[in-house]
Structures are given as structure tokens and as C-alpha cells.
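Going line by line, the protein sequences match chains H and U.
The numbers in UniProt numbering rise by one with no breaks, and the one at position 19 of the first sequence is 19.
The numbers in UniProt numbering rise by one with no breaks, and the one at position 175 of the second sequence is 175.
Simulated from the structure, these hints should not be mistaken for lab results.
From a predicted model like this one, the values you see are computed outputs, not experimental measurements.
Possibly wrong hints are sitting among the right ones.
As the list claims (entries may be wrong) - The calculated DSSO-like cross-link candidates involving lysine-lysine, where the alpha carbons are at most 30 angstroms apart (straight line), are:
| hint | chain 1 | residue 1 | chain 2 | residue 2 |
| --- | --- | --- | --- | --- |
| 1 | H | Lys75 | U | Lys44 |
| 2 | U | Lys44 | H | Lys66 |
| 3 | U | Lys18 | H | Lys38 |
| 4 | H | Lys18 | U | Lys287 |
| 5 | H | Lys75 | U | Lys66 |
| 6 | H | Lys44 | U | Lys66 |
| 7 | U | Lys192 | H | Lys66 |
| 8 | H | Lys238 | U | Lys251 |
| 9 | H | Lys66 | U | Lys38 |
Protein chains: 2
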Amino acid sequence: MTITLVSSSKHFGGTLAKYSHVSKATQCTMHFNVFLPKSAVESKARVPVIYCLGGLTSTEDNFAQKGGAASRASKYEIALVFPDTSPRNTDVAEAGENSSVGYSAGFYLNATQAPWDKNWKMYDYIAKELPEVVSTNLSIDTTRSSIMGHSMGGHGALSIFLKNQNNYKTVSAFAPILSASTSPWGLFALPKYLGPHDPAVWGDNDVTHLLKHYVSRNLFRKDVKVLIDQGTEDGFLKEHLYTHGFINDIKELGIADQFEIRFQDGYDHGYFFISTFVEDHIDHHAKALGATLHQ
Amino acid sequence: MTITLVSSSKHFGGTLAKYSHVSKATQCTMHFNVFLPKSAVESKARVPVIYCLGGLTSTEDNFAQKGGAASRASKYEIALVFPDTSPRNTDVAEAGENSSVGYSAGFYLNATQAPWDKNWKMYDYIAKELPEVVSTNLSIDTTRSSIMGHSMGGHGALSIFLKNQNNYKTVSAFAPILSASTSPWGLFALPKYLGPHDPAVWGDNDVTHLLKHYVSRNLFRKDVKVLIDQGTEDGFLKEHLYTHGFINDIKELGIADQFEIRFQDGYDHGYFFISTFVEDHIDHHAKALGATLHQ
Numbered sequence: 001m002t003i004t005l006v007s008s009s010k011h012f013g014g015t016l017a018k019y020s021h022v023s024k025a026t027q028c029t030m031h032f033n034v035f036l037p038k039s040a041v042e043s044k045a046r047v048p049v050i051y052c053l054g055g056l057t058s059t060e061d062n063f064a065q066k067g068g069a070a071s072r073a074s075k076y077e078i079a080l081v082f083p084d085t086s087p088r089n090t091d092v093a094e095a096g097e098n099s100s101v102g103y104s105a106g107f108y109l110n111a112t113q114a115p116w117d118k119n120w121k122m123y124d125y126i127a128k129e130l131p132e133v134v135s136t137n138l139s140i141d142t143t144r145s146s147i148m149g150h151s152m153g154g155h156g157a158l159s160i161f162l163k164n165q166n167n168y169k170t171v172s173a174f175a176p177i178l179s180a181s182t183s184p185w186g187l188f189a190l191p192k193y194l195g196p197h198d199p200a201v202w203g204d205n206d207v208t209h210l211l212k213h214y215v216s217r218n219l220f221r222k223d224v225k226v227l228i229d230q231g232t233e234d235g236f237l238k239e240h241l242y243t244h245g246f247i248n249d250i251k252e253l254g255i256a257d258q259f260e261i262r263f264q265d266g267y268d269h270g271y272f273f274i275s276t277f278v279e280d281h282i283d284h285h286a287k288a289l290g291a292t293l294h295q
Numbered sequence: 001m002t003i004t005l006v007s008s009s010k011h012f013g014g015t016l017a018k019y020s021h022v023s024k025a026t027q028c029t030m031h032f033n034v035f036l037p038k039s040a041v042e043s044k045a046r047v048p049v050i051y052c053l054g055g056l057t058s059t060e061d062n063f064a065q066k067g068g069a070a071s072r073a074s075k076y077e078i079a080l081v082f083p084d085t086s087p088r089n090t091d092v093a094e095a096g097e098n099s100s101v102g103y104s105a106g107f108y109l110n111a112t113q114a115p116w117d118k119n120w121k122m123y124d125y126i127a128k129e130l131p132e133v134v135s136t137n138l139s140i141d142t143t144r145s146s147i148m149g150h151s152m153g154g155h156g157a158l159s160i161f162l163k164n165q166n167n168y169k170t171v172s173a174f175a176p177i178l179s180a181s182t183s184p185w186g187l188f189a190l191p192k193y194l195g196p197h198d199p200a201v202w203g204d205n206d207v208t209h210l211l212k213h214y215v216s217r218n219l220f221r222k223d224v225k226v227l228i229d230q231g232t233e234d235g236f237l238k239e240h241l242y243t244h245g246f247i248n249d250i251k252e253l254g255i256a257d258q259f260e261i262r263f264q265d266g267y268d269h270g271y272f273f274i275s276t277f278v279e280d281h282i283d284h285h286a287k288a289l290g291a292t293l294h295q
């Protein structure tokens, strides 16, 4: 469970560092970026952490470089972990052929179908292995964790949160895929990763299905508030994200008051949208993590 | 002097748009990004502008995507223009061969030597043509302009400012090349662009030489304050940037009080450094531009 420093830059008083490590979950070398605030770097204070999950076509770099989150996180002394979005450099020849499956398209699930089932265990990687890795090697207190994500990473953040509600204080998302099992992206990727449509198997990797499942069993935490920002000019809104259907679903489930879903007028799907509102998301997480604003 | 919209995203209440246009100066199609704040977009208010010049290996995208400047500029209702760093798609075969000359390495000068002298007129492009282009086509008041840059772009910002002191309210730079004619980068590029070393010709493209020239003729504006941030862990500091020599020079010239040169402990040469301090630079420009902080 050792990690190797690839690069490190001072950033907002702390450091933005890239690490590589050999992952047991994905059976390959993974990279992640981490922002450690000043107190974690200088006095080895163990700080709370927000996992920031990227979307399709992203690596560990996009959110770290373009998201603008460290500015605000530094003021709360919160760490940010930016994982990669898939295994890399595997033996799977077709992994680089399509932007919706394979490299940069891990969907934060555990694949069960060949040739993906050896490496594409991104759920285990993000939910289980990575917290151990950062807790063991970095000045991060993983008992104070939360999770956010963008698009496919929003699907990842919400589904991982729902399955591990005691491991994360809260969750938020930008333009999340709220029903991977009915999204055209998911309809392409899920058969390859999980086999032909099986409501139980696919539903276990679908935010809406998971939420219905946990609410129906009274297993959705009542103290959690979920923040979602969605641009109205997002070209994927109508066909891929299921935002409007989800809003109806949470009303029917009687949990609409636990969701703050903000339609941001005129914004699209990209990082110019994320960076505009990321400060609100950091504030949302800081509150749940019990972090105080300094300066 | 028409421009074509390539892409546009809402960003901090305004828009981050990319335009293309056929440049007379560089005889090719150029791209630039521009951040227009809300008032310029919604009520066509003509707003002040800061030109943000990128460094070697950059395009018009790096500063716009990673610099983090729009967050603060939006609060002052200031526009940001992010030009490309060189001509593109020319007939010059060797333009893509080396990172210090050719594409992404225009050095903000007017080349006089073949094969560069047809297209590599980045000084004319930035100092003369681009202000006309943005004034004609966008809701920008170029009578309230200022200029900043990073590395090679810091050299560009300072040298263009010095030669056009009445066109820009102020100037600032991150890790600027302060003596292009003695920097190893410049020693590689300047012979190709300008011919063998000629103190007058090369000096006209060297910040330190230009400053001495204008100060000695009492032509350096006494009301201007220059802000420069320099990381102490910048790997290019010792060999390429001439920062320490420049500090001695401005003392000898008796103008040290017009320069705020801040050594930022532990920071390197990249955008994680820039984004950390860009807010201070926007504040510096806003003051000179007479812009007021809203919200």
C-alpha cells in the first residue's frame, strides 16, 4: 500500500501532488492527485477530505487543474483527492476504442464481464482501497470524508455515497448521471461491464434505483442534505442525465426536502460551469465535515 | 476585422468564449479566448480589459482554463482576453520542431528573418491588431486596458507595456523572462527571429534593456506600479528569468519603489502557482483600471 510521488506543486499554501501506486482492486498502476492544505503539509495535522470524481474522458488531472476547488478548500483546511476515472495500461485492447467504455469511462462500478472484470473494479478502488491508501500514507483523517463528482463522477459520488452512507458525511454533484442504467452512455457501457440487462445488477449501479431501494427500506440517512447543480444549457441534460425524472422520483419518495437541486441558468456541462459554483459545494461539504472557515 | 464564435460557455455570470479571426499581422487564422463579465453580456456595458499572455508551450486555453482569473475579474466587471502565443498552421515546416521557437513560442516580437518574418509578428498582433479586434467586435472599452502575463508572456506583457505606456493602465507578471536577450530560451529563439546578436535589435525585445532605455530618457511613467510574483522553487528562476539581476538593475535605476516583486516561498513555475496569486493581480489591475469590487 505504498505510494510514489510523481510531482508536487505548492498551491494555495498547501501542495497539489500527484501519486502513483499499484492498486489491488484494479490490478494496475493508478494515479491520483491530492490537494493537502497548509496545516496537513506543515504540521501534519490530519485533515478531513473530499473525494472529487471526474467524468467521461477525464483523468485525475481535469478536476484538479480546472475545477478551482483548492482555493476554497484551503480556507477550510480540507484535503481534496482527485482519483483517475478508470484503470490504465491494461491488456484490454478495446479499452481505448470508445469514449463511453474502457479508459476514462470506469463508471465507478465493479465489472463482472470479460475482458473488463480483471481491472475495471473502480467501485472497490474508490470506495474501499483509496481511503486506506490516503489514510495510510497522507495526513488525512478518513473518518471525516465526503464525496462529490461531475457527470459520470456525479453518478459515482452519489452511488458510492448511497452504498456507504456511514463512510461519508455528505455528497454533492455537478450534472450527475442520475440513472446510468437508462442513460445512452450507460446502455452502451453497462452490457459490456455487467452483462445483459438484469434489473437487480444494473440497478445496483444506478443512482435512482439505489435511492429507491434504500428509501423503501428506511435506510436513507435522514440527516443528509444532497447538493446538485445542473446547467440549463447542458447538452446532455435531456437525454443522458435524468434530472427531471429524478426530481419527480424524490417527490414521490417524500425526500425532496433532502435535495437541493439548482438549475443554473445558461450554464453548460463543462469546467467553466463547475468552477463557477465549486465554492458553494466546498461550503456544503465543509459544513457536514465540521470544518471552519479561516481567513 | 470580423471574428467567428467557436465556442461559448457561461462562466461566473458572464461568458468564456473562443473566437477565431484572420489576422493581418500574422497572416493566418488566430484564436483567442475572452471572458466577458455579466454586465458586458447582458446590458452590453463596455467594460475594461486585462490582456493575459501565456508562456512557452501554451495556447489561448491554458491561462483561461487553469489560471482562475475570471472568478475575481467577474466581481469587478472586468473582461479578460487570452490570446494565442504564436501564429498557427503556417507554411513554416520547422515551426513545430522545438518548444523554444515557432508554435507556442512567439516571444511577442516581430520577426525579421526568414522563414519567420511572414507570420511571426506577435508584437503587432497583441499591441496593435487585437485591441482593434476586441474593441470593434466586443463590449470592451480598450481605453481602459492593462496587461499581464506568465513567463514568456510576462516578458510580452512588460515589453509591450513599456513600448506603449499610454495604452495600458498598468502591468503585472508571473515569473517573467526579464532579459530575453540573455536567457537560454532567448539565445535560441532570437537569432532565428531577429538575426545575429545586435544590441539595439535584441534590446528592443528585452524587458531590462527597454526599461533602462526608457528610464534614461525619462520616459518611464512615474505613476505606474508593477507587480511581479516569482516562486522560489521555480526551476527556471536561476538560469532563465534574470529576476535577481533585474532587482539590482531597478535599484541602480532608482525606480525600485515602482516595482513590487514578491518571492513566493516554495512555489514553482506552473498554473498551481498562478491560480494561487491571480486574485492579487486582478486587484492590482482593477485599482489602476478604476474598477470597483461588487458583491
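Results for each hint:
1. H:Lys75 with U:Lys44: violated (35 angstroms)
2. U:Lys44 with H:Lys66: Answer holds: Lys44 of chain U to Lys66 of chain H is near 28 angstroms, not above 30 angstroms.
3. U:Lys18 with H:Lys38: violated (36 angstroms)
4. H:Lys18 with U:Lys287: Outside the cut-off at roughly 37 angstroms; violated.
5. H:Lys75 with U:Lys66: The given pair, whose Cα atoms are some 19 angstroms apart, holds under the 30 angstroms limit.
6. H:Lys44 with U:Lys66: Roughly 28 angstroms between the alpha carbons, so the hint for Lys44 of chain H and Lys66 of chain U holds.
7. U:Lys192 with H:Lys66: Violated, at about 35 angstroms.
8. H:Lys238 with U:Lys251: violated (62 angstroms)
9. H:Lys66 with U:Lys38: holds (21 angstroms)
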